[in-house]
Every structure is written in C-alpha cells, then in structure tokens.
Amino acid sequence: MELKLNRKGVGEILRSPELRKVALDRAQKIANASGEGYAATSRIGSKRARASVFTESREARLDNAKRQTILRNVGAGR
Numbered sequence: 001m002e003l004k005l006n007r008k009g010v011g012e013i014l015r016s017p018e019l020r021k022v023a024l025d026r027a028q029k030i031a032n033a034s035g036e037g038y039a040a041t042s043r044i045g046s047k048r049a050r051a052s053v054f055t056e057s058r059e060a061r062l063d064n065a066k067r068q069t070i071l072r073n074v075g076a077g078r
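In my numbering, the protein residues as written are 1 to 78.
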C-alpha cells in the first residue's frame, strides 16, 4: 500500500483556526503553570499555526532567566 499526502490539504490543516486554538490552549496551560507575569499568544504563520509563551513583567523575566520557568513547565501543555 502506498500513501500519498495531499500537501495542499495538510497545509490547510496546519494553518487552520482549530489548530491555532489547540496550540494556544497548550501554551496557555504552560503560562498558567509558570505563574503570574507569564502569558501566551498565537498566530497563523505562512506554513502553520503557532503559539508562544512569554514574560509580561520584569519579575517574570528575572524568574525565567534564573529558573528556566517556561522550559520547566512545558510538560503542563500536554
């Protein structure tokens, strides 16, 4: 059996609003686990939907720099 992917269809799925919501939900879980001063955002890029977790305050930036808070909480997004 041979499987041939429809590249256009796969691209549409990767850029879909539904996938953007899934990515944002996971990023929000990571931000929530990281604590106050962390937030999440998402966007649809040229090839796929993506989400980011970032610091919003000086205290959170210092905390993340010292403790790698975002990286340590990646598992919360699963």
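The set of hints was computed from the structure by calculation and includes no laboratory data.
Treat the hints with care, as some may be off.
[As the list claims (entries may be wrong)] With a straight-line Cα cutoff of 30 Å, these simulated DSBU-like cross-link-like pairs (lysine-lysine) come out:
#, residue 1, residue 2
1, 66, 29
2, 47, 66
3, 8, 47
4, 29, 4
5, 8, 21
6, 21, 47
7, 47, 4
This one's a predicted model, so the numbers in the text were calculated from it and none came from an experiment.
Status of each hint after checking the structure:
Between residue 66 and residue 29 the CA atoms are separated by roughly 21 Å; this keeps the pair inside 30 Å, and the hint holds. Taken as a hint, the residue 47 and residue 66 pair is broken in the structure, with Cα atoms around 33 Å apart against an allowance of 30 Å. Only pairs whose Cα atoms come within 30 Å are accepted, and residue 8 paired with residue 47 is accepted, the gap being roughly 11 Å. For the hint pairing residue 29 with residue 4, the CA-to-CA distance comes to about 35 Å; that exceeds 30 Å, so the pair is violated.
Restraint check for residue 8 and residue 21: the C-alpha separation of about 21 Å stays at or below 30 Å, so the hint holds. Among the hinted pairs, residue 21 with residue 47 is consistent with the structure: their alpha-carbon atoms are about 16 Å apart, no more than 30 Å. At roughly 19 Å between alpha-carbon atoms, residue 47 and residue 4 fall within 30 Å of each other, so this suggested pair holds.
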